[in-house]
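Peer 1: Letter by letter, the chains look like this.
There are 2 protein chains.
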Amino acid sequence: MPKVVVLRWGHRPRRDARLTTHVALTARALGASGLILANIEDEKIKETIEKVTKNWGGPFFFEMGTPWKEAVKDWKAKGGIVVHLTAYGENIQTSDMLQRIKESGKDILVIVGSQKVPREFFSEAFSDFNVAVGNQPHSECASLAVFLDRLFEGEELKKSFENAKVRIIPQKRGKKIASL
Amino acid sequence: MPKVVVLRWGHRPRRDARLTTHVALTARALGASGLILANIEDEKIKETIEKVTKNWGGPFFFEMGTPWKEAVKDWKAKGGIVVHLTAYGENIQTSDMLQRIKESGKDILVIVGSQKVPREFFSEAFSDFNVAVGNQPHSECASLAVFLDRLFEGEELKKSFENAKVRIIPQKRGKKIASL
Numbered sequence: 000m001p002k003v004v005v006l007r008w009g010h011r012p013r014r015d016a017r018l019t020t021h022v023a024l025t026a027r028a029l030g031a032s033g034l035i036l037a038n039i040e041d042e043k044i045k046e047t048i049e050k051v052t053k054n055w056g057g058p059f060f061f062e063m064g065t066p067w068k069e070a071v072k073d074w075k076a077k078g079g080i081v082v083h084l085t086a087y088g089e090n091i092q093t094s095d096m097l098q099r100i101k102e103s104g105k106d107i108l109v110i111v112g113s114q115k116v117p118r119e120f121f122s123e124a125f126s127d128f129n130v131a132v133g134n135q136p137h138s139e140c141a142s143l144a145v146f147l148d149r150l151f152e153g154e155e156l157k158k159s160f161e162n163a164k165v166r167i168i169p170q171k172r173g174k175k176i177a178s179l
Numbered sequence: 000m001p002k003v004v005v006l007r008w009g010h011r012p013r014r015d016a017r018l019t020t021h022v023a024l025t026a027r028a029l030g031a032s033g034l035i036l037a038n039i040e041d042e043k044i045k046e047t048i049e050k051v052t053k054n055w056g057g058p059f060f061f062e063m064g065t066p067w068k069e070a071v072k073d074w075k076a077k078g079g080i081v082v083h084l085t086a087y088g089e090n091i092q093t094s095d096m097l098q099r100i101k102e103s104g105k106d107i108l109v110i111v112g113s114q115k116v117p118r119e120f121f122s123e124a125f126s127d128f129n130v131a132v133g134n135q136p137h138s139e140c141a142s143l144a145v146f147l148d149r150l151f152e153g154e155e156l157k158k159s160f161e162n163a164k165v166r167i168i169p170q171k172r173g174k175k176i177a178s179l
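Chains as they are written, first to last, in numbering that gives the first Met the number 0: chain A, 0 to 179; chain B, 0 to 179.
Everything labelled a hint here was simulated from the structure, so no lab data went into it. Since this is a predicted model, take the numbers as computed values, not measurements. Hints should not be assumed to be uniformly reliable.
[Unchecked claim] Derived lysine-lysine pairs resembling BS3-like cross-links, with alpha carbons at most 30 Å apart:
hint, chain 1, residue 1, chain 2, residue 2
1, A, 174, B, 53
2, B, 101, A, 157
3, A, 2, B, 171
4, B, 171, B, 43
5, A, 157, B, 157
6, B, 77, A, 115
7, B, 171, A, 171
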């Protein structure tokens, strides 16, 4: 399975606090290796995510403050490809783009925007694929989830996390948590 | 395809404004027929969602203020089933629960929580299925997206919306919107 890292762009500390947290938790729960919060630092989110990883397991890294261009250039220099999630891109359901991504066999940096993104995100210099989880406006969190679920073909939901202190025992009714 | 309505529970107007908006937009974009905001009214979210539906098409209804128990009882009285999305439930990847849901052939009310949900949500009186999109903490928005994508088997991302004023023309690079 390819290694996936999520690059969160355009985070505004107060306004986007919960959404960025959800994006990061989705990245972790659905099989990404880490999240880079581009261009800005947000200690509160870092704490929240690291607390979840400490309790529920990892590995999952949270990095912040890296300029987005630098993150993209580093990734490409290491041989990875860049996927930009956008409602304007090729439709994941009607195009063969996901197959092309998989066949590349390369690690994937997934760019997830928040506010209106720079035009450059769409250019060949930065993105290899512009991927739309449907061509309707909705949510970067939802798009990321469907993209990862399809990329990993559901296997990510069976993943066992390392060094977890707690784990849910799935139940038809009620809640069951095991301390490890 | 079954009719799906999302019941959003536990919305706190300021704190959850953007997340509930994302949940509603995800519901619309991924094939649900409408969203019921339980127990509370939030005119601002209603406006946002109705504006999206007016521009990008529908049908998609936004209802608010209905007590959750009433919404669930009405749904069941009409012969529908209730799916509660929770990290504690049966894993959508490792159990046959989705198949059982599909085989029921019934319309589905999907309960999506926010804060800690009442114990009753897990009981037979209210939920027919407790569904976990993985047994890790993450996001109700992500869970809803994956659930709908798997339920509708991707067909929802090809859906054409009625009475839309604008539509995206998918592109490998850049943005293209058609006015209709």
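Peer 1: Confirm or reject each hint.
Peer 2: Checked hints:
Between residue 174 (chain A) and residue 53 (chain B) the CA atoms are separated by roughly 41 Å; this puts the pair beyond 30 Å, and the hint is violated. Of the supplied pair hints, the one linking residue 101 (chain B) and residue 157 (chain A) holds, its CA atoms being roughly 21 Å apart against a limit of 30 Å. Between residue 2 (chain A) and residue 171 (chain B) the alpha-carbon distance is near 23 Å, which keeps this suggested pair within the 30 Å criterion. The straight-line distance between the Cα atoms of residue 171 (chain B) and residue 43 (chain B) is roughly 34 Å, outside the 30 Å bound, and the hint therefore fails.
Of the supplied pair hints, the one linking residue 157 (chain A) and residue 157 (chain B) holds, its CA atoms being roughly 28 Å apart against a limit of 30 Å. Among the hinted pairs, residue 77 (chain B) with residue 115 (chain A) is inconsistent with the structure: their alpha-carbon atoms are about 42 Å apart, more than 30 Å. For the hint pairing residue 171 (chain B) with residue 171 (chain A), the CA-to-CA distance comes to about 43 Å; that exceeds 30 Å, so the pair is violated.
Violated hints, listed in ascending order, are 1, 4, 6, 7; each of the other numbered hints is respected by the structure.
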